[in-house]
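Trainee: Sequence:
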Amino acid sequence: MHRGNVASLRPAWVAHTGDLSHKRGDEGSASGCGRCHTGDTKFEATPLAVDGALLLSTPLNRVLSLDPATGRERWRFDPGLALNIERNEGFVSRGVSYWADGRAVGAGAASAACARRVFMATVDARLFALDASSGGRCASFGDSGVVRLDLGVGEVQVGQYGVTSPPAVIGDVVVVGSAIGDNRRVDLERGTVRAFDARTGVLRWAFDPIQRRPGEPGYDTWTPAAATRTGAANAWAPLSADTARGLVFVPTGSASPDFYGGERLGSNLYANSVVALEAETGRIRWHFQVVHHDLWDYDVAAQPTLVDIDREGRRIPAVVVATKMGFLYVLDRTTGTPIFPVEERAVPASDVPGERTSPTQPFPLTPGLRLNPTRITEDDVWGPTPADRAACLAQFKAFRHGEMFTPPSLEGTLSFPGYPGGVNWGGVTVDPQRQLLIVNTMRLAAWVKLVPRMGSTNGNQIGTPYHMERAVWAGPSGLPCQKGPWGMLTAIDLRTGTVKWERPLGGLKPGGALPAPVSTWGSPNFGGSLATAGGLIFIAAGMDEQLRAIDIETGRDLWSAKLPAGGQATPMTYTIGGRQYIVIAAGGHGSLGTTLGDQVVAFTLP
1 MHRGNVASLR
11 PAWVAHTGDL
21 SHKRGDEGSA
31 SGCGRCHTGD
41 TKFEATPLAV
51 DGALLLSTPL
61 NRVLSLDPAT
71 GRERWRFDPG
81 LALNIERNEG
91 FVSRGVSYWA
101 DGRAVGAGAA
111 SAACARRVFM
121 ATVDARLFAL
131 DASSGGRCAS
141 FGDSGVVRLD
151 LGVGEVQVGQ
161 YGVTSPPAVI
171 GDVVVVGSAI
181 GDNRRVDLER
191 GTVRAFDART
201 GVLRWAFDPI
211 QRRPGEPGYD
221 TWTPAAATRT
231 GAANAWAPLS
241 ADTARGLVFV
251 PTGSASPDFY
261 GGERLGSNLY
271 ANSVVALEAE
281 TGRIRWHFQV
291 VHHDLWDYDV
301 AAQPTLVDID
311 REGRRIPAVV
321 VATKMGFLYV
331 LDRTTGTPIF
341 PVEERAVPAS
351 DVPGERTSPT
361 QPFPLTPGLR
371 LNPTRITEDD
381 VWGPTPADRA
391 ACLAQFKAFR
401 HGEMFTPPSL
411 EGTLSFPGYP
421 GGVNWGGVTV
431 DPQRQLLIVN
441 TMRLAAWVKL
451 VPRMGSTNGN
461 QIGTPYHMER
471 AVWAGPSGLP
481 CQKGPWGMLT
491 AIDLRTGTVK
501 WERPLGGLKP
511 GGALPAPVST
521 WGSPNFGGSL
531 ATAGGLIFIA
541 AGMDEQLRAI
551 DIETGRDLWS
561 AKLPAGGQAT
571 PMTYTIGGRQ
581 YIVIAAGGHG
591 SLGTTLGDQV
601 VAFTLP
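Under my numbering, the first residue of the sequence shown is numbered 1, with each subsequent residue one higher.
Calculated lysine to any residue pairs in the SDA-like style (CA-CA distance at most 20 Å, straight line):
no., residue 1, residue 2
1, LYS509, THR595
2, LYS509, LYS562
3, LYS483, TRP382
4, LYS397, GLU411
5, LYS509, SER591
6, LYS500, ARG434
7, LYS500, ASP557
8, LYS562, LEU592
9, LYS397, LYS483
10, LYS397, PRO386
11, LYS397, PRO384
12, LYS562, HIS16
13, LYS509, PRO485
14, LYS483, THR520
15, LYS500, GLY368
16, LYS397, LYS449
17, LYS562, THR520
18, LYS449, ALA394
19, LYS397, SER409
20, LYS500, LEU436
21, LYS397, TRP382
22, LYS449, ALA391
23, LYS449, GLY402
24, LYS397, ALA474
25, LYS449, GLY354
26, LYS397, ALA471
27, LYS397, ALA387
28, LYS483, ALA390
29, LYS483, ARG389
30, LYS483, ARG400
31, LYS397, ASP379
32, LYS449, PRO465
33, LYS500, ARG556
34, LYS562, PRO504
35, LYS509, TRP559
36, LYS397, ASP351
37, LYS449, SER409
38, LYS483, GLU502
39, LYS500, ASP431
40, LYS500, GLY555
None of these hints come from the bench; they were simulated from the model.
Please build the complete structure, drawing on both the sequences and the hints.
Mentor: Structure (structure tokens):
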């Protein structure tokens, strides 16, 4: 596939997973049940093409092996999730991981059972090892093929602790993060990252991003009480691994709770950071914190991206950290030192009793690495009708608003970008030959308000003097209160940090205040992109349910196809039988409101 022939792309096959959450059937059925909390399903998985098979996970955490040429199912594994439990992330999985046992291959036993394994981490906190050939459990791993992940992380609330992203596999180690329900209380589950032996499931090491004992690195960025009881700072996004250097790159989120830090004063290492860990030991090699003392839910939501950059006559091993703020930090992979300069800038202080904001935050100095505007002004207020704009303007005047990192307040604060981002879990794509980075972003404001608890023990943020209210900033129509575009796609030259091109990404479907599709405004988006050697970018992600092929040099659309459901996933490509395929999960996203389905769709050339 290349820019000259992509217009001829056509559907090759469609596979169905059976995870149709919008259908209602018998209790525990594959398609949903009368009392099931499966309305918020998110088909976010990216398949793996390995050893002549296509391996993927479904929202209900089933694992499927498909024939990559036809989409025919070869085997499936069902972990048996309890469908009648409400889960903080809904039902979601971003994919599986694969491992080949070098000992077995070296001994000529590559075809033996479980010599090749698929690892699946579930939303109910289990890690399964499956035989890649049959889907059967690997009995030598853990307890008959499964390891429990809900032990040793503090008190676990049912439905609030699990895993949504695939493990990182490096050597013979499987490294797993966690997804934790935000903002319930101060002492949430711990965000411990753990490494297990790929053969036996034995715990190799554990890294708690909150260092809890005096003398540990980072302990002095907490008060002693906060270091003991604060939870989260977990790595829910995908991890990355550098096999040559023996490093795992861990993207961490905010400490609990997200929007009030009076119970966790300090800069709060290693929350809101990328942390390079030695894969064999779990020891910290280096760290870079993108937000000090987070009060905005600015998790590092994107997978750290490893790339070699040609700069000033040198090839530099780098890691790109994309953030919800819309900032890109480009760091030396071996040391964590910024390749493009970063400075600590003064930011607004809080006047909320008990709060103490960080006086500075790290800003990239290269303009092309700051993808979003950093504030909303009155000129940005918008609505599809005069009444809508008037309502949005009244809200704008009632809220506090200012530069990025204006802290939450008792009257309500407008933040831009809001807590969805910026860049979310779709992350960035790199074309190493062209030295181009492609990134999709959202431009959505959000508001947050702290409400004095007045002695109540109900609500969220239990253990603090305030509970919290928040929402994406929208008018009565449900549309954003600020002018579009609301979604963007940007190409950046990694050698210079300059923007090569940018354009709106996606459109909105008609309905409500929109009488017709709006394809030029960009839309909120979840999912990532794919770069090919043929000079193409493939991406869906938006609310218009289109998969697009885009010229990587110009940003111009070359081809598009309407998907049968929302494409809130990252496409992938492979070649089999001399033919190249593009595959994407098209199952929709309950939170984004796109059409739900259970399809995996493949495209190829005639």
